[in-house]
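Undergrad: Chains as they are written, first to last, in my numbering: chain V, 51 to 289; chain R, 51 to 289; chain G, 51 to 289; chain H, 51 to 289; chain Y, 51 to 289; chain D, 51 to 289; chain L, 51 to 289; chain W, 51 to 289.
Worth flagging that the hints you see were computed from the coordinates, not collected in a lab.
There could be a bad hint or two in this list.
Stated by the list, open to error - With a Cα cut of at most 30 Å, we get these calculated DSS-like pairs of lysine-lysine:
id : chain 1 : residue 1 : chain 2 : residue 2
1  : H       : K117      : V       : K117
2  : R       : K117      : G       : K117
3  : G       : K117      : Y       : K117
4  : L       : K117      : V       : K117
5  : L       : K117      : W       : K117
6  : H       : K117      : W       : K117
7  : D       : K117      : R       : K117
8  : D       : K117      : Y       : K117
Claimed, not checked - Anything over 10 Å on all C-beta distances counts as not near chain H; from chain G, calculated:
id : residue
9  : E93
10 : E116
11 : R281
Ideal Cβ positions, reconstructed from N, Cα and C, are used throughout, including at glycine.
Number of protein chains: 8
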Amino acid sequence: MEKKIHSLPLEGDDGTIDARIDLDREQRCGFTEVIYAAGKTPEQVARIACELALYTHTVLATRASEKHYRAVRNTCDEHTVIFHETARIIEVASSVVPAPTIDEDGLIVVASGGTADLPVAEEAALTAEKMGSRVMRLYDVGVAGVHRVLEHEDLLRQARVVIAVAGMEGALPTLIAGLVAVPVIAVPTSVGYGASFAGIAPLLTMLNSCAGGIGVVNIDNGFGAAVLASRINRPKWSE
Amino acid sequence: MEKKIHSLPLEGDDGTIDARIDLDREQRCGFTEVIYAAGKTPEQVARIACELALYTHTVLATRASEKHYRAVRNTCDEHTVIFHETARIIEVASSVVPAPTIDEDGLIVVASGGTADLPVAEEAALTAEKMGSRVMRLYDVGVAGVHRVLEHEDLLRQARVVIAVAGMEGALPTLIAGLVAVPVIAVPTSVGYGASFAGIAPLLTMLNSCAGGIGVVNIDNGFGAAVLASRINRPKWSE
Amino acid sequence: MEKKIHSLPLEGDDGTIDARIDLDREQRCGFTEVIYAAGKTPEQVARIACELALYTHTVLATRASEKHYRAVRNTCDEHTVIFHETARIIEVASSVVPAPTIDEDGLIVVASGGTADLPVAEEAALTAEKMGSRVMRLYDVGVAGVHRVLEHEDLLRQARVVIAVAGMEGALPTLIAGLVAVPVIAVPTSVGYGASFAGIAPLLTMLNSCAGGIGVVNIDNGFGAAVLASRINRPKWSE
Amino acid sequence: MEKKIHSLPLEGDDGTIDARIDLDREQRCGFTEVIYAAGKTPEQVARIACELALYTHTVLATRASEKHYRAVRNTCDEHTVIFHETARIIEVASSVVPAPTIDEDGLIVVASGGTADLPVAEEAALTAEKMGSRVMRLYDVGVAGVHRVLEHEDLLRQARVVIAVAGMEGALPTLIAGLVAVPVIAVPTSVGYGASFAGIAPLLTMLNSCAGGIGVVNIDNGFGAAVLASRINRPKWSE
Amino acid sequence: MEKKIHSLPLEGDDGTIDARIDLDREQRCGFTEVIYAAGKTPEQVARIACELALYTHTVLATRASEKHYRAVRNTCDEHTVIFHETARIIEVASSVVPAPTIDEDGLIVVASGGTADLPVAEEAALTAEKMGSRVMRLYDVGVAGVHRVLEHEDLLRQARVVIAVAGMEGALPTLIAGLVAVPVIAVPTSVGYGASFAGIAPLLTMLNSCAGGIGVVNIDNGFGAAVLASRINRPKWSE
Amino acid sequence: MEKKIHSLPLEGDDGTIDARIDLDREQRCGFTEVIYAAGKTPEQVARIACELALYTHTVLATRASEKHYRAVRNTCDEHTVIFHETARIIEVASSVVPAPTIDEDGLIVVASGGTADLPVAEEAALTAEKMGSRVMRLYDVGVAGVHRVLEHEDLLRQARVVIAVAGMEGALPTLIAGLVAVPVIAVPTSVGYGASFAGIAPLLTMLNSCAGGIGVVNIDNGFGAAVLASRINRPKWSE
Amino acid sequence: MEKKIHSLPLEGDDGTIDARIDLDREQRCGFTEVIYAAGKTPEQVARIACELALYTHTVLATRASEKHYRAVRNTCDEHTVIFHETARIIEVASSVVPAPTIDEDGLIVVASGGTADLPVAEEAALTAEKMGSRVMRLYDVGVAGVHRVLEHEDLLRQARVVIAVAGMEGALPTLIAGLVAVPVIAVPTSVGYGASFAGIAPLLTMLNSCAGGIGVVNIDNGFGAAVLASRINRPKWSE
Amino acid sequence: MEKKIHSLPLEGDDGTIDARIDLDREQRCGFTEVIYAAGKTPEQVARIACELALYTHTVLATRASEKHYRAVRNTCDEHTVIFHETARIIEVASSVVPAPTIDEDGLIVVASGGTADLPVAEEAALTAEKMGSRVMRLYDVGVAGVHRVLEHEDLLRQARVVIAVAGMEGALPTLIAGLVAVPVIAVPTSVGYGASFAGIAPLLTMLNSCAGGIGVVNIDNGFGAAVLASRINRPKWSE
């Protein structure tokens with residue numbers, strides 16, 4: 051009986067296998083592997099991205115720098131390569147795999163507390179869009195002026211899931227979860243100083259929320275929030 | 051113009067208002083307030099529970115002790131009062147509000163790592179059931195023997211959402227999120243000793259998961275996981 | 051030139067001087083020393099309380115237990131001794147020093163997030179009253195149901211200073227400070243579990259508030275909040 | 051009935067709404083929004099500052115860099131723009147909104163422990179002045195030479211409120227609160243090394259002070275201390 | 051060549067060697083081993099104490115309970131056994147080893163911040179006395195009333211070394227080290243609550259003192275402070 | 051093709067499957083599952099222990115209390131049940147599975163710093179013996195008297211692996227790893243107080259050792275150290 | 051009797067002895083001292099490396115930079131000097147000490163979770179090779195795709211010891227220890243962000259593993275893992 | 051009666067008093083103020099240093115950079131200015147105050163664990179020399195090779211006080227305090243990585259030492275250790 055191969059090894063210049071592509075990921079989990087660029091060399095990111103573009107239409111590399119982008123653009127020159135700067139995401143649109151047909155599902159609303167939370171909020175919003183959901187942005191609605199949120203209660207009520215991004219004291223997800231009945235994904239950010247401890251303060255706030263219905267992701271993890279939101283919003287993935 | 055009243059104040063024996071019932075919660079958020087019994091006196095829990103039973107069919111009090119139970123049973127004697135011991139939940143079934151008709155939605159699977167995680171897992175499972183979902187339990191499938199999880203891959207694939215409960219190193223949610231495409235709600239427990247720091251270790255594990263699609267709740271927060279799972283599983287709440 | 055004596059040494063049974071009464075405190079800081087009973091023996095609390103009652107009309111001992119109370123009542127039997135149980139405060143009304151005439155100043159509002167915060171909120175409210183301020187209580191107005199606070203915006207606007215007491219995620223002071231223009235004193239409580247870390251979570255929330263005008267005190271420190279509120283509310287103390 | 055608008059959305063170059071001006075803030079809380087520049091791009095700070103200068107006479111941006119300053123100066127060229135370097139504050143004096151008439155209220159004394167605390171102390175002092183209070187500075191009076199504080203007891207006694215800024219062991223607020231009867235606002239700074247943990251040490255010192263009457267703000271938060279002091283010093287704000 | 055024996059093994063009832071007496075300690079370090087009773091069974095403490103009393107005149111067991119005391123008294127009945135309750139120290143005065151002649155050296159002053167610090171302060175004072183130094187106690191001179199310390203400046207100036215014991219914010223050692231030129235040994239205590247974190251707050255305060263000349267010991271470690279003070283006060287030990 | 055079963059589900063009284071026996075563990079990992087009793091009910095421990103005794107000769111339950119022991123003894127009455135009190139281990143010697151023939155391999159030396167570390171050291175020593183290794187104990191050889199270790203250098207040099215157990219500052223593993231060439235397993239214990247933070251201090255010491263060749267296990271984890279030592283000492287397990 | 055010299059002092063340019071070579075290390079512990087270059091000046095590393103090359107064939111300097119390398123190459127020009135960049139290790143092959151004859155022992159497998167863990171994994175792999183073991187690399191087999199590990203179960207079963215390197219949630223060692231019967235050395239890395247706290251998250255995961263047989267080393271300590279693996283793999287060192 | 055002046059205010063260029071010289075320090079505490087340069091501008095350090103040189107012979111500025119040095123050299127050109135680079139100390143030898151006559155007292159030995167600890171060790175050694183003590187250096191005697199310390203037992207026994215400087219696991223002070231009878235001042239350093247947490251690991255080790263007679267100072271605080279050692283070594287300061 052033939053043994054099934056689940057992963058594809060990639061070699062660096064010196065012949066060491068330093069990456070393995072998870073070939074079944076899309077089938078198992080609904081979306082291809084996304085490359086986490088931070089901590090990888092530009093050469094590694096480019097090599098993995100181009101390889102993935104042979105198997106899937108949309109390849110994403112998050113936490114990417116300008117250097118990563120240049121390497122990908124130069125290496126994957128047969129594909130379309132876009133750098134979304136605020137979101138720090140490289141997108142490779144494959145020239146060999148056709149785009150999937152996407153049924154638009156429910157709405158994902160990405161709300162954020164302050165202007166400085168933009169990169170994380172955009173990482174979430176863009177990733178969710180690329181994973182096939184309709185997204186609306188609602189930025190700078192922090193709780194110090196509670197009326198800024200209350201003014202948009204109607205929009206929040208249309209969502210199938212809300213991603214709430216906030217730094218400093220991080221009370222936004224609690225406020226929203228008390229207003230609506232849909233799942234709220236809470237993303238603490240490292241925005242703040244002193245006793246925010248690079249995001250620990252809003253992380254704890256969100257974990258201790260007295261409102262139910264909140265799931266928390268890692269500090270600054272806009273990407274993870276988007277994956278969770280997509281899994282909630284697109285139940286056909288699990289069929 | 052008449053001002054709308056949103057909350058109902060309750061008075062203690064000495065006349066101090068020490069609780070306010072949130073009258074719109076069910077309409078706004080899909081389910082009535084649940085009483086967090088720890089830190090409240092038996093008298094307070096009983097008073098709030100009986101009041102709530104005038105407005106809703108199923109009243110729950112979590113983290114309840116035997117003492118809380120006796121006070122509720124004695125005070126709310128017109129209603130049916132049940133104590134779920136492992137889950138530490140008091141349930142009051144109102145005799146004046148009829149049970150709602152429930153459309154069974156998708157399946158919630160509650161998986162747990164070890165035998166000692168049972169109270170938290172049961173808090174989650176029971177709450178989700180009382181909030182109207184179909185629930186299946188998959189206990190003691192910790193990652194030290196990875197085949198125990200893999201044996202049940204089929205069951206996991208039937209779920210609309212998985213709640214994964216684990217203490218010690220807390221790797222169970224990662225493992226499951228890598229196997230299926232549905233949302234995984236991760237519940238760290240305080241089971242462990244030494245450097246588990248009463249649940250910090252599994253909490254951090256879950257927040258740092260390299261698998262996407264995971265939302266984390268507070269340590270031992272089976273209740274919160276159930277609310278989030280219900281909001282995911284029952285989208286009609288948001289209509 | 052005569053050396054001025056600022057403190058009065060007290061001796062225990064074995065002759066060791068284990069306490070010194072700060073004789074100028076009332077003159078320097080507007081109110082006599084208050085006894086922090088936790089960590090002191092009943093005998094010590096009683097000895098200090100009775101001595102203080104020779105110099106001032108109202109003696110308070112905070113964080114007191116039933117045992118402390120019995121010792122004080124037995125020892126200071128010439129004075130009136132009251133035990134405020136919820137607030138855990140012993141009050142000794144001196145029979146030899148007349149009550150001061152008090153000009154009622156502005157209003158202090160003590161707001162609290164949940165029912166379990168009552169002991170801390172009452173410690174604050176009672177202390178502020180005994181220090182000569184008019185106090186109103188607004189309990190169980192946590193942010194998970196934001197309308198419970200908004201309903202009482204008028205009351206909050208009448209205050210000269212607000213004490214906001216909250217455990218779990220501790221967002222109440224931020225919400226209030228965004229609604230009014232008076233100083234808000236934030237008191238985190240140890241109410242909660244898991245990642246609340248016995249009050250660290252609300253403490254950090256309050257320190258990182260994106261709303262201005264908030265001063266934070268130690269976890270569960272209702273007493274300290276009352277002293278600060280009194281100093282704000284009664285400027286004549288500094289004349 | 052017309053719906054009242056509470057906030058004004060601002061668009062970035064790409065059309066995303068990345069900031070919302072809280073139009074009622076001055077009326078609700080006594081002073082217009084202050085811009086926290088750190089984490090915002092120079093372009094964003096400039097855009098918000100110029101917009102705010104249409105509604106209020108004095109616009110402040112704290113934690114600002116030289117780059118922020120240049121952007122504001124270039125963009126808001128119709129107004130007067132000043133950069134207070136030590137305090138790291140940009141001030142925009144509107145050319146279209148007249149300066150308010152200010153009744154000088156009580157005195158705010160800003161005391162600091164060491165020379166290195168100057169930026170934080172100046173942030174506090176300057177903000178308090180711009181918010182309309184009379185301010186006196188008392189710098190480098192740390193507790194290692196306790197006589198440096200005691201020499202200025204008279205000055206401290208004239209204050210309506212004292213802001214005490216200190217890094218390292220942070221004992222200055224305790225010392226001052228034991229000398230006077232007015233509120234003391236304690237500002238821990240990140241000055242120090244090793245076990246000061248970037249300000250945790252003085253933060254804990256201040257929260258645990260054995261002297262009453264102290265309210266603590268975030269590490270290095272001179273701005274927050276000034277807002278609190280202004281709310282204490284200028285009670286007419288709440289009328 | 052004969053191998054020198056440095057330690058003497060002791061056997062428990064089941065024959066396991068569970069303790070080894072360090073025979074050279076007195077010669078090497080100036081004083082015999084002191085037994086740390088916490089975590090040892092009464093039987094173990096008694097067995098070790100009686101064995102040590104064969105080699106040295108004064109045997110001490112710190113952190114001892116009533117149970118430890120009864121075991122020692124029963125087992126070492128040939129020697130004089132005293133229980134110092136406040137200090138939690140058992141003293142065994144050997145009946146077979148004569149008391150050493152002691153030259154009284156300089157003075158050790160043990161100062162403490164509050165009444166609740168007494169057990170730690172007494173552990174330090176009593177140990178220092180038993181190790182041969184002259185000791186004076188100066189208790190309840192915390193910094194909230196700075197005049198209580200300043201009144202005793204003369205006494206502090208007579209000391210060869212000062213042990214300063216304090217909980218809560220722990221500023222006492224800094225204050226004293228700024229007044230005198232002798233070494234100050236700082237002992238943080240676990241007295242306090244909330245953000246004192248069982249003594250972390252005063253520990254950090256003391257480590258970050260802006261005054262020079264301070265050496266810090268572990269939280270509640272009155273014993274360690276006494277050993278260090280003795281080594282400073284009695285230089286002949288090193289000859 | 052028949053699906054292989056890897057785990058055996060066990061049911062509690064209410065029919066919930068609350069434990070699963072890992073049937074392949076011995077074959078995969080060299081030794082049957084060991085029961086961690088803490089956090090399990092006596093009934094659960096007894097049920098699992100008796101079931102395991104049908105498959106393996108020696109069943110161990112660690113962190114067991116007297117209550118657990120009584121339940122096991124009563125339930126598994128056909129087998130021999132022993133309670134090792136100091137080590138807190140219940141041993142069930144199966145009456146239906148014969149004892150395996152054991153080749154004695156190299157020596158494991160279990161060294162400990164102080165008398166109070168005994169329970170952890172015994173947990174390690176006993177477990178290693180039951181897993182088939184020859185063990186020697188070397189207790190109370192802490193580094194404050196370095197000669198106590200140096201006296202036993204010969205014994206240490208005979209070991210195939212050393213388990214070094216220490217609380218407080220935890221320097222023993224470093225000292226030993228600098229003396230010998232075999233692997234050293236470091237076990238921090240929670241023995242200590244104050245800034246030992248229940249074992250964090252020795253844990254960090256061991257992780258930061260400047261000596262090579264040290265592997266660290268969790269605080270108080272004598273069991274884990276024994277498993278690791280057994281895997282090192284008995285390479286035939288991996289064949 | 052002549053006193054044996056154990057260490058050789060080295061002088062810096064200003065005559066201060068700033069390093070001492072441990073002459074017996076190879077004999078006592080199986081391998082010569084390895085230089086930890088971080089925190090040492092290039093001049094110091096070069097001086098120590100060249101001196102060591104007089105006594106041993108292979109000199110290693112870990113955590114070395116390009117600057118360190120250039121200094122060593124220039125100073126030790128009589129020897130062969132190689133810089134392994136990914137592993138950040140300088141190797142000096144002595145021209146005066148012959149290479150030892152090495153018996154190849156069992157196999158060490160170095161597994162890693164992700165591509166970004168490469169530098170730490172290579173530090174481990176290269177050091178183990180230089181210390182005389184046969185090494186195989188198995189990189190990018192993180193647990194999010196558990197099949198990537200399961201595919202290589204055969205290779206893992208051939209090892210005498212496995213080094214498992216992982217950042218983020220760090221569950222790889224647990225998974226492997228549940229599959230094989232050999233010792234697993236767990237190396238947490240600082241790869242990750244937010245609540246990984248620079249490696250604390252995987253460190254805690256590994257310490258709390260529910261699988262037995264794991265020894266943990268410091269964060270990013272590939273070198274220490276290699277020393278421990280060598281001590282396990284090459285028992286002749288201890289003869 | 052004339053009021054005595056204790057401190058001399060210094061003005062910056064903008065007229066703000068940003069420093070106050072403590073005029074009585076030398077008389078009260080045995081040595082003039084030392085300037086902590088980090089966090090002060092070069093201009094401030096130079097201004098304070100030159101002012102101090104009018105009152106005392108030796109002025110020191112610690113944690114100084116090259117920039118600080120140049121400013122001091124240019125400003126204080128009438129005095130002799132030396133920069134001790136390794137110790138990061140600027141020394142100003144006054145041309146107007148004569149050097150004091152110094153009685154050489156006992157010996158201070160400064161021991162350090164590793165080469166990378168040199169800057170901290172030199173800060174301690176140099177400061178102690180400038181404060182008038184005889185100093186001997188004993189560097190790179192870390193505990194991984196315990197014989198390196200034992201070889202120098204004789205030197206250690208000649209000291210009146212030992213300063214033991216160590217990073218990583220920080221066990222050196224314990225080892226030394228177990229060998230001699232004099233006070234040991236423990237200085238943890240930030241040398242290390244990963245779980246050393248920038249010096250927390252050795253700090254905790256030292257605070258938890260099982261050897262008596264150790265006083266700990268802040269991480270990297272060579273200066274503080276020298277002040278404490280001087281106070282111990284030169285008792286005439288307190289006369």
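Undergrad: For each hint, tell me whether it holds in the structure or not.
TA: Okay, the hints, checked on the actual structure:
At roughly 24 Å between alpha-carbon atoms, K117 (chain H) and K117 (chain V) fall within 30 Å of each other, so this suggested pair holds. Between K117 (chain R) and K117 (chain G), the direct Cα distance comes to roughly 24 Å. Compliance with the 30 Å bound is thereby established for this hinted pair. Between K117 (chain G) and K117 (chain Y) the alpha-carbon distance is near 24 Å, which keeps this suggested pair within the 30 Å criterion. For the hint pairing K117 (chain L) with K117 (chain V), the CA-to-CA distance comes to about 24 Å; that is within 30 Å, so the pair holds.
A hinted pair counts as satisfied when its Cα atoms are at most 30 Å apart, and K117 (chain L) with K117 (chain W) qualifies at roughly 24 Å. Taking the CA atoms of K117 (chain H) and K117 (chain W), the gap is near 24 Å; set against the 30 Å cutoff, the hint holds. The hinted pair formed by K117 (chain D) and K117 (chain R) meets the criterion: a straight-line CA distance of about 24 Å does not exceed 30 Å. Restraint check for K117 (chain D) and K117 (chain Y): satisfied, since their Cα atoms lie roughly 24 Å apart, inside the 30 Å limit.
Every Cβ of chain H is farther than 10 Å from the Cβ of E93 (chain G); the closest lies at roughly 22 Å, confirming the non-interface assignment. Annotated as non-interface, E116 (chain G) keeps its C-beta farther than 10 Å from every C-beta of chain H; the closest such distance is 25 Å. Its beta-carbon lying about 4 Å from the closest one in chain H, R281 (chain G) breaks the requirement of being farther than 10 Å from that chain.
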